[in-house]
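**Student:** Just need the whole structure built from these sequences, with the hints factored in.
Respectively, the protein sequence lines represent chains E and G.
Here the first sequence stands for residues 1 to 84, where the numbers follow the numbering used here.
Here the second sequence stands for residues 1 to 236, where the numbers follow the numbering used here.
Misleading hints may appear alongside valid ones.
Said to hold, decoys possible - Take a look, some chain G residues computed to stay more than 12 Å from chain E by CB distance: (1) 11; (2) 22; (3) 106; (4) 107; (5) 228; (6) 233.
Claimed, not checked - The calculated EDC-like cross-link candidates involving lysine to aspartate or glutamate, where the alpha carbons are at most 16 Å apart (straight line), are: (7) E:71 to G:225; (8) E:71 to G:115; (9) G:168 to G:115; (10) G:146 to G:76.
Derived by calculation from the structure, the hints in this document are not laboratory data.
Given the structure is predicted, the values throughout are model-derived calculations rather than measurements.
We put the beta carbon where it would ideally sit given N, CA and C, even for glycine.
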Amino acid sequence: MTQTPSDSGTLTDPSARSTEFVPVTGGGETTSAAALLITAYVVMWALLLGFVLMSWRRQGRVETRISELEKALSTSGPQGKARD
Amino acid sequence: MKSQTDQLFYGLLAVTAAVFTYLISYVFLVAPIAQLQAGGLAQKIFYFHVPAAYAMYLCGTVCCVSSALYLANPTDTRDAIARSAAECAVVFGFMMLCSGPLWAKKAWGVYWTWDPRLTTTLLSVLVYVSVVVLRAFAGNGEAERKFASALGVLGTVNLPIIHYSVLKWGGNHPTVIGKGGGGLKSPAMTHALLMGFVAMTLLATILLWARARLALSVSRVARLEEQAIATGQLDY
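**Tutor:** So this is what it looks like as structure tokens:
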């Protein structure tokens with residue numbers, strides 16, 4: 001008797017395993033295009049949002065540091081500027 | 001009160017958000033599904049994948065020009081633009097490298113092949129990654145900046161090779177637009193792709209702007225710290 005996964009939940013009978021592979025035509029879809037499409041969009045937006053968030057937080061930290069340094073230097077001469 | 005530059009930045013951000021909203025809804029609701037050989041529904045990845053590749057080329061070109069200008073006459077602004085362009089090229093490069101294999105799984109049955117275009121693209125992204133890593137971990141000295149600039153120029157030399165690799169060496173990668181391509185057979189597909197290019201151009205501009213501003217602020221911190229050390233306000 002052939003045991004299928006639906007009978008017992010798991011395939012436990014060694015005699016039920018596949019012993020040959022037979023090609024089929026018009027078989028069902030193995031990879032869902034919708035799942036791939038959604039994954040691609042989610043991954044792209046996650047990358048982008050991560051980059052934006054990282055930049056935003058870093059900008060905040062750098063501006064705080066600039067304020068601290070300007071405050072410290074305000075009593076001791078001209079402030080540093082980027083070379084343009 | 002916000003400065004005029006800030007107002008322009010936020011205005012551009014609002015326009016970009018509107019264009020992306022329109023693009024996503026158009027791609028999912030209006031653009032037709034392509035033939036199964038092209039990935040069927042997964043072909044809709046194309047409307048972001050190709051513009052992301054174009055945005056990487058754009059950022060790579062900006063990186064190359066700024067790096068060359070920096071090598072000729074070093075300034076903080078040129079260095080900041082070159083550095084931010086390399087960072088943006090990495091982001092767009094990864095967007096392309098993540099979306100492409102997901103389409104390939106449906107169209108080709110595998111995520112990756114060592115096709116000439118895929119290989120040259122990976123190489124180019126890795127060059128920009130090396131520029132970013134170098135600037136992040138090797139310090140902010142003149143020598144490091146110059147070395148990163150030289151790498152930025154070198155990375156862009158590879159970009160035309162990516163573009164012409166399909167024509168020169170063949171491979172699996174589709175050639176739909178441009179020389180040798182059959183084109184998009186629906187006006188809705190063409191419209192979606194054009195909107196993708198507009199959206200990615202706006203996004204690349206915004207990201208470059210924001211990152212260049214950040215890089216300039218970092219340079220300013222370095223100069224202020226040098227001054228603070230010289231005046232004894234900060235310990236070395």
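**Student:** Mind verifying the non-interface call on residue 106 of chain G? Its CB should be farther than 12 Å from each CB in chain E.
**Tutor:** Non-interface label fails for residue 106 of chain G: nearest chain E Cβ at 5 Å, not farther than 12 Å.
**Student:** Run the C-beta distances from residue 22 of chain G to all of chain E and say if the shortest one exceeds 12 Å.
**Tutor:** holds, 15 Å
**Student:** Would you check whether the claim that residue 228 of chain G is not at the interface survives, using Cβ distances to chain E and the 12 Å cut-off?
**Tutor:** Not fine: 6 Å to the nearest Cβ puts residue 228 of chain G too close to chain E.
**Student:** Taken at face value, is the distance from the CA of residue 76 of chain G to the CA of residue 146 of chain G at most 16 Å?
**Tutor:** holds, 12 Å
**Student:** Are the Cα positions of residue 71 of chain E and residue 115 of chain G separated by 16 Å at most?
**Tutor:** Given that 16 Å is the threshold and the Cα spacing comes to 56 Å, the pair is violated.
**Student:** Just double-check residue 11 of chain G for me: nearest Cβ-Cβ distance to chain E has to come out over 12 Å.
**Tutor:** Consistent with the label, residue 11 of chain G stays out of reach of chain E, its closest Cβ about 17 Å off (over 12 Å).
**Student:** Given the proposed pairing of residue 71 of chain E with residue 225 of chain G, does the C-alpha separation stay at or below 16 Å?
**Tutor:** holds, 12 Å
**Student:** Does the claim that residue 233 of chain G lies outside the interface with chain E hold up, using a Cβ gap greater than 12 Å?
**Tutor:** violated, 5 Å
**Student:** For the pair we were handed, residue 168 of chain G and residue 115 of chain G, check the Cα-Cα distance against 16 Å.
**Tutor:** Holds, at about 12 Å.
**Student:** Does residue 107 of chain G really sit off the interface, with its C-beta more than 12 Å from all C-beta atoms of chain E?
**Tutor:** Violated, because the least Cβ-Cβ distance between residue 107 of chain G and chain E comes to about 9 Å, which does not exceed 12 Å.
Violated hints, in rising order: 3, 4, 5, 6, 8; the structure is consistent with all others.
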